[in-house]
Amino acid sequence: MAGVTAVELSCAELSVRDMNAALRELPDGSAVRITQPRGRHNLAVGLTRRLDITIVGNAGYFVAGLCDGPNVDVEGFVGWSVGENLMSGTVRVRGNASECAGASARGGLIVIDGDASSRAGISLKGGTIAIAGDAGHMSGFMAQAGTILIGGDAADSLGDSLYEAVIYVGGKVRSLGADARAEELGAEDVTRVRELAGAAGFSHVSAGDVTKIVSARHLYHFDALKDQKY
Amino acid sequence: MCGIAGLRLKNPDLYPRLGQLVVPMLDVLASRGPDSTGVAVYRHDAPPGEQKYSLCAPAPGYDWAGYVSRLEAAAGVVPVAFRPRGRDGVIVTSIGPERGPELLAGIDPSVRLFGYGAAIEVYKDVGPAAEVCARYGVAGMAGYQAIGHTRMATESAVTTEHSHPFAVSPDLALVHNGSFSNYASVRRRLAAGGVRFDTDNDSEVAARYIAREMAAGADLTDALRGVMKVLDGFFTLLVAAEESLAIVRDSFACKPMVVAETADYVAVASEYVALADLPGVDKAEVFEPMPEEIYTWQA
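Residue numbers (my numbering), protein chains in the order written: chain A, 2 to 231; chain B, 26 to 324.
If you are wondering where the hints come from, they were derived from the structure by calculation, not from laboratory data.
Each residue gets a CB set at the ideal place from its N, CA and C atoms; glycine is no exception.
Fair warning: there could be bad hints in the mix.
Claimed, not checked - Reference excerpt, derived from the structure (chain B facing chain A, CB under 8 Å, subset only):
hint, residue
1, 278
2, 281
3, 316
Here chain A stands alone, though its shape is the one from the complex (with noise of 0.2 Å):
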């Protein structure tokens, strides 16, 4: 942002379809400043342009849904479903990031500070999601492209129905989901975790020394006999 001088926009004036409005005015390259977010929902959502948006403060859901193009910083905790179905750009959380985040992210890296809650990265679609402290139950729950790298400890059902996804973790895996297991890390798994690691700036990550999961494939073909259950 240096040498532009940021629009500065406040809740407290603005309705949030207004903001969203007045944010898909501005021209590429500005740098805008959202203050007083009181938790609003839907701040900063369907952007498409290359704007540098800074929201001061805890905001609510969906926060920088259906991006393509803006670098979104929170500086605060954020509700449910941040960065939902991002296409490109980046959202920073400085805080920690309620359920569901990153879902069905198609692009984009999505980073969270402190911890994510429940579901984090559930039918990621591309995206790139990395989080600094640990992940709730169920993270990457159907996954079917994109990565996750969680820098703390995930809970329970790690990866549950995991497709194509890769999910990293640095500390504790409580327990893996159905269809979800650990595989060796391989040279360029190591790479890709420093890289990500280092774009995020994760100092406490040691890329070498992370858990790899990824699809044991056996729902990928769905047998109607099998074990006579149906």
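Guided by the hints, dock chain B onto chain A, whose structure is given.
Same frame as chain A, but now just chain B:
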């Protein structure tokens, strides 16, 4: 949906502002539940050894003076103080919790008892938060703890009795976001054991279950552990007792909850937006509680 909120003050300087802080929290959550609103306020303002009984009038203009004199005669206890709140009110008396509810029901069964104990007062009614809170003057209430609820009814009628909180044993109050699926069976089992119910509401079953467990010697944490074993469904529960506040979420944790804690208070709400007006909340540690973990705060 439904909205739930709670505030437990650690800093006594904030006690006079309890109502003033809680009403905006509930007002914001009215969007999650506009059908009815209720709040349990905790404060130690009764003379030592006395109990407060929060009573709801069967109709506006109820003859409370007559009720009080009949109660004094029946109980052999004088005086019984009455503090009016809107059409309802709180009776302050030395009649103990072991015989109070029975005695009060005998005076006039159409007067409903919404909560009782040394510290608790319960106000609840049909209508959105701003309206109901104004009706009872909640904003002007001092205290050290409050929990509240804004209801979007899903499984039983919208009436004053069906509103939360459910406060069915001394100083214990429960609010619930979600729905229990097996509550009818649990209610049948409790009823077979002699537990009586005021409504057909699912959340009342959880309140009665916790009350029964605690009467049998369990502490609040044990009782909530029992809730997770016995009751099936979706729930984020917020439960207050005289000296503690607790939350628990079911194993799916799909009913939201946000906690913000500072040196001055612990505040919880369905959505952060309800906490945004609290003093110093921007410096608070804010997080979402984990599923199947019991969080408690006490003095």
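Do the hints match the structure? See the list:
no., hint, verdict
1, 278, "holds (5 Å)"
2, 281, "holds (7 Å)"
3, 316, "holds (6 Å)"
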